[in-house]
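Protein chains in written order, with my numbering: chain A, 1 to 326; chain B, 1001 to 1326; chain C, 2001 to 2326.
FYI, nobody ran anything at the bench for these hints, they're computed from the structure. Mixed in with the good hints there might be a few duds.
DMTMM-like cross-link-like pairs, simulated, lysine to aspartate or glutamate; straight-line CA separation at most 20 Å [claimed, not checked]:
#  : chain 1 : residue 1 : chain 2 : residue 2
1  : C       : K2196     : A       : D199
2  : B       : K1185     : A       : D194
3  : A       : K275      : B       : E1036
4  : C       : K2185     : B       : D1194
5  : B       : K1131     : A       : E326
6  : B       : K1275     : C       : D2199
7  : B       : K1132     : A       : D194
8  : A       : K132      : C       : D2199
9  : B       : K1196     : C       : D2199
10 : A       : K131      : C       : D2199
11 : B       : K1060     : B       : E1326
12 : C       : K2131     : B       : E1099
13 : A       : K196      : B       : D1199
14 : B       : K1043     : B       : D1065
15 : C       : K2275     : A       : D199
16 : C       : K2132     : B       : D1194
If you want the building blocks of each chain, they are given just below.
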Amino acid sequence: MIKRLLAKRSVVWCFGLMACLAGSLLPAYAAAPQGETHLITMKAVNLPSGQLAYQMLAYKIKSKDGEIRDVTDRYEQVPTVPGPTIILTEGDVAEVTLEHGIKGSKLPVSIHVHGVHYKIEDDGTIKAMNKKVDSAAFPGKPYTYHWEAAPGTAGTWPYHDHTFGNPRLGSEDKGLYGAVIVNPKSGKVPALIDGKIVDVNLSDVKREFVLWMHETTFWGAEINHLLDGRQIPLWSNPTVGARLGELIRFHVIGIGTAFHTFHLHGHRWLEQGTKNVVDAVNIGPISRQSFVVKAGEGVGPGAWQYHCHVLQHMQSGMMGVFRVVE
Amino acid sequence: MIKRLLAKRSVVWCFGLMACLAGSLLPAYAAAPQGETHLITMKAVNLPSGQLAYQMLAYKIKSKDGEIRDVTDRYEQVPTVPGPTIILTEGDVAEVTLEHGIKGSKLPVSIHVHGVHYKIEDDGTIKAMNKKVDSAAFPGKPYTYHWEAAPGTAGTWPYHDHTFGNPRLGSEDKGLYGAVIVNPKSGKVPALIDGKIVDVNLSDVKREFVLWMHETTFWGAEINHLLDGRQIPLWSNPTVGARLGELIRFHVIGIGTAFHTFHLHGHRWLEQGTKNVVDAVNIGPISRQSFVVKAGEGVGPGAWQYHCHVLQHMQSGMMGVFRVVE
Amino acid sequence: MIKRLLAKRSVVWCFGLMACLAGSLLPAYAAAPQGETHLITMKAVNLPSGQLAYQMLAYKIKSKDGEIRDVTDRYEQVPTVPGPTIILTEGDVAEVTLEHGIKGSKLPVSIHVHGVHYKIEDDGTIKAMNKKVDSAAFPGKPYTYHWEAAPGTAGTWPYHDHTFGNPRLGSEDKGLYGAVIVNPKSGKVPALIDGKIVDVNLSDVKREFVLWMHETTFWGAEINHLLDGRQIPLWSNPTVGARLGELIRFHVIGIGTAFHTFHLHGHRWLEQGTKNVVDAVNIGPISRQSFVVKAGEGVGPGAWQYHCHVLQHMQSGMMGVFRVVE
């Protein structure tokens, strides 16, 4: 534990030094961040519904120059499904502390993150699996994870519990999941806009919708850039909205056991990492699809349905609306 | 309704004018077509099998110069599963009128199309969903859909009912589905030919096979370009045929609830939109794969099986033959 | 049979002639190889577990100059699940003889291969399917398959039985499957290394892990290039290992009926044939994913879990460890 704290301190200490020797003294995965440092505290708690959920308690961002700004109020001060979306840029690091707030259980709860760099201590698994440490919070004993959004990790990644329950493989299916969006250093992503493949500036995106596909339900959240990145919990099968012509970014992620096909009416997009123009994509558990559309492009305003195209899921109500207004 | 008819008339009127002001007077999604106008009438009917099916009644194509040619006889004058394939080119528009011919039911039946541009009135959903109109045919009251194969919509897209049945989400699983192929304006698609990735001229493709994967059965149709685009219904798990060396285009589309892997013996192709060389691809409901092969390339003539590689589906007889002859 | 033997002999005879007229006398799929000829004998047998398995009996490689080297001892002299991995390079050919060693059954057993070129006689299916021949071994009657790893066939391909059992569609689900890796002539594959997309020399890859995803179990094998390509059977849900910084190639292949999402902790890679950076991919039966990672890149040593991310599969124990040590 002391070793962990020391490691943490030395990284922090580096921030103020332009000529930090991190490169020679520390392994690559612990180098000083080239971007911002995200200091995050979350808590895993019970919901009245019987689900479990992550709650944002505190979120501060430290710039390279050491300036700190508190962005906690971007988040609702309640637990949500999906959990809070964490937005990084290539070069950023995050220190995420998790508190155990699940009543009636002493089982460890964790955050296992995808995509970004982290050491085995930060794997979010139990010691029996990672051979090193119970990488999880216990009642009264928070746990801090160190992540590095290194170059090459741009993308939309899930995080989720990997220790709670019996067997101790995690309770992601109970609601303990959320997304980490790592934006590319370039600030641009390819998209199909006005019928052409172009690079879109992410700073021009007005809203982002995170939609999780879990068995027969969508669970959603909005990140509203017109409101300084405010995150709006949308819960199940939500109506999401946009003004005609706005650039909108969708992040669709699977979780649980079922396979899905995500379809959005009246819109089409570039399948991630390819030149394939689609309006429906296969989504398996933890597979994902991030894409930008121009709201109502070529089709105008309307209550455009999005739904799973697996017939049984659709008939179980796995649908929502993308409302485009003038 | 009058508004709809007027909109239609103004578009038609534009066709004869070279200096049509459509660009400034009409929204982008109602601009004068840069290509041909497809005037199509179909009917949704019962089959003796208990399935439902679309039937082609009339198909006329109006050129930019206003010349009309009747291509109805490209289609069998009977209802088929899958429904008639509609073939457009980027820049074309289609006016598709659907008649309700399902005996014993007054429930609305519709055509919801993927990929192309259309207004919310043409969504093929009920008013409770699209908040505008019952976008569907009722007994004695046909409904006309306006589609625009705008630039950037090239691809193989499904169309299907989205209103029949209870709940009114559609009866695609009963047989009410078909394909729209939007060919790129360039006339070319990438393909793996003689071991190299090249651009193939679609005008060199001799036959196209549309194969739908529905639960444990393939449902197919052939478009034969040696017979001026004649469409040949193939029904279930068909044998399809080609001469050695012919360029053949497959369109594989999923529907219903099951996930599949489409495999074709002895041939390999470029996974759509990528450089991935495959001979088996994941197909979920409404996900799709369009590709060109040279029949028998490097392997010669033979009764080459195609089948779902999900073992249970294969054992249920989800197989057909791609017969390549000299 | 005589015809087959003659064809075989004429091909062999060609090897010693620089000015072989194969191009004009033989169809393309029987041309003289531009690379090496792999002479392989395998046997399909029963395992005490009730499974069936392929066993390597003999493996010789003949160079273009006619030199022969025996590489049989790269393989364990026992039947394994998955079966022996066969490694070719674009331009190579293989003659694979299969013996029938399944006790208590006279049903034919075969090898149906994916990806490479072969004639319909080498399809590994029964005559009722391929309309030509029972392309399979019977008790006392081995069968020889001719494969050509022609240009454009680079990739990781499954082979499996396609005739045993009732119906005679194959017993791949009983253990009769293995992989053919066709390496590109260029010797290079794209990979995400140190956060950048680069071309990796396959000669720099130290170990390859072949992991089959079958219902709720991984079945694996290692190809160790530090031990001259020795193949090490790993059986079910194995721990695989690497030294920090080594280039490691994974080949993940589905089989059977279930769909999976393959996830590896702490690492990310390029989805095959795309620029999509992933750490989880959809794997259906016979769909596959081949990729290179730098062991522990940016994350250091550790017991990094790999597992199916379908929750029910994970909870059924569909997990293993990628152990990275310094």
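Status of each hint after checking the structure:
1. C:K2196 to A:D199: holds, 19 Å
2. B:K1185 to A:D194: holds, 15 Å
3. A:K275 to B:E1036: violated, 26 Å
4. C:K2185 to B:D1194: This hinted pair holds, its Cα atoms lying about 15 Å apart.
5. B:K1131 to A:E326: Status holds; Cα separation ~15 Å.
6. B:K1275 to C:D2199: holds, 15 Å
7. B:K1132 to A:D194: violated, 25 Å
8. A:K132 to C:D2199: Violated - the C-alpha atoms of D2199 (chain C) and K132 (chain A) are around 34 Å apart, more than 20 Å.
9. B:K1196 to C:D2199: holds, 19 Å
10. A:K131 to C:D2199: violated, 34 Å
11. B:K1060 to B:E1326: This hinted pair is violated, its Cα atoms lying about 36 Å apart.
12. C:K2131 to B:E1099: Roughly 44 Å between the alpha carbons, so the hint for K2131 (chain C) and E1099 (chain B) is violated.
13. A:K196 to B:D1199: Holds: K196 (chain A) and D1199 (chain B) sit about 19 Å apart, inside 20 Å.
14. B:K1043 to B:D1065: With Cα atoms ~29 Å apart, K1043 (chain B) and D1065 (chain B) exceed 20 Å; violated.
15. C:K2275 to A:D199: holds, 15 Å
16. C:K2132 to B:D1194: violated, 25 Å
Hint check: violations occur at hints 3, 7, 8, 10, 11, 12, 14, 16; the rest are consistent with the structure.
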